[in-house]
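S.K.: So the chains spell out like this:
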Amino acid sequence: MPVEYTERSLLKYTQQVIELFRNPKNVGEMENPTVTATEGDAQCGDMMQMSLKIENDKIVDAKFLSFGCAANIATGSIVTELVKGKTVDEAEKLSIKEISSALGGLPALKMHCAVLAYKTLKKAIQEYRQKNVEGEKQPHT
Amino acid sequence: MKVYLDNGTTTQVAEEVIDAMLPYFTEKFGHPIFVYSLGQEAADAVEKTQEIIAKTINAKPGEIIFTSGATESNDLAIRGIAYANREKGNHIITTRVENPSVLRVCEKLERDGFRIDYLDVDPQGFVNLDQLQNLINEKTILVSVMHVNDEIGTIEPIKEIGKILREQKHKIYFHVNAAASYARVPIDVERMSIDAMSISAHKIHGPKGVGALYLRENTPIEPITYGYISLFKLKPGTENVPAIVGFGKAAELAFDGFEKNVEHMRKLRDKLMAGIEEKIQHVMLHGPRGDKRSPANVNYSFKYVEGESVLLHLDLNGISVATGSACSTRKLEPSHVLTAIGVKPEVAHGAIRFTLSRYNTAEEIEYVLEVLPRVIDNLRKISPIKPGAF
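So the sequences go chain by chain: C and W.
Residue numbers for the first sequence follow my numbering, so the first one is 1 and each next one is one higher.
Residue numbers for the second sequence follow my numbering, so the first one is 1 and each next one is one higher.
Keep in mind that the hints were calculated from the coordinates and are not lab data.
Just so you know, not all the hints are guaranteed correct.
[Stated by the list, open to error] Cross-link-like lysine-lysine pairs, in silico, BS3-like; alpha carbons within 27 Å at most:
1. W/Lys169 x W/Lys159
2. C/Lys119 x W/Lys344
3. W/Lys386 x C/Lys122
4. W/Lys208 x C/Lys12
5. W/Lys381 x C/Lys119
Please take these sequences and the hints and turn them into a complete structure.
M.R.: Here it is as structure tokens:
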């Protein structure tokens, strides 16, 4: 029979996470974003919306909205911070491990929150690329 | 300002309780089974506590067994009575909204070959008495229903259930988990026809690690742990005498001014509920209103925000509360109680439970009503879910 987790570390947040939860960066709606993506759903208890402003393949601004726990809010903050100033290609290479270590680690049970922010970013980039391809297909006027 | 509103989880130990306990660590440290005076002094203290606790629930002192807490009391009562009555039947009835300390025990009994039926509850958390009537059969040996729901404060119709069981052709034992109701809602084991009942010290300003099982005289029960027998056949091992003494003192304090304490909590409860409903939009109360709700329990969902975030923001402001959100648990599922009363998961994730004690004050509630609307408003501002979404 599987034994349930009892280690405190499974739920304990680092000081970095609490600090970003308290004062998240890049939170809010963006005016005229290049692309906006949403991942997760309210039923599962976490949901994130991320908007990117991209100029010449470079992410010049990133913002997020969160319905979720402290880990969700902190990862939204760190991911948007990490991608700002990066090219789309560079941002796409961002890994879950990098996100987690930028937060000083995440409790094991909260890793899915880091995954959600990561997925939202990937989805936004994917949608941006799709938009570009479609844009290129359009006949020049 | 520090405001502790998680008294349903555990409480601060009253100073009088600590004072009562201290001598039993030092000069009165004897083992209660031994005949020398140090031992007898300890045994007297345990017996005195039996008397104190018995009086608060209209039981006999000999019907009180000390355990490590309500979790152990639930396990001992349910498995002990089930195993002892196996020849008579293998059917047990409980509810979907019990504490895990009952549900996990029932699941263990299912693995041992018992059949368990779980009563449904209505949207306010009340069990269905007709369903209970219909489920009872000649194999039914035990019914276990909580007195007060620890999450949403519903006071279950224990007396009515006791009556239904009393009217059956064969004896069906009735166990009640009263951990959330003891010292908050009146209990009378005779009037309520209760055969076994679990209570805990740390929920009433006593120490952690001690509780009691009330067990009606002549109730067939098997021990679930075996070993060295001191004062209680059903609970092997040396009694935690200082904690038992502390439990007694805590019960004395709680029941000395029972009506006054309850009225105090009820006033604070109603003040908090009125304030939340006046100051915050898009909220949903869980559990009933009025006399059928525990005087110590307030539970609301704040829609479009997630409970753990609310809990941590309140914590950063010095306020301790509990949440029904999945994210705060190890299982990542919303509260089984909120699910059972039909709350949608997206709403259950925003549930916050405030539980009161006699030590809380009106000023504390006012402070919470100042901080909470701001916290909810800020979290709604950063939420991708807009009002009206659900």
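S.K.: Which numbered conditions among the earlier hints are violated in the structure presented, ordered from lowest to highest?
M.R.: Violated hints: none; all satisfied.
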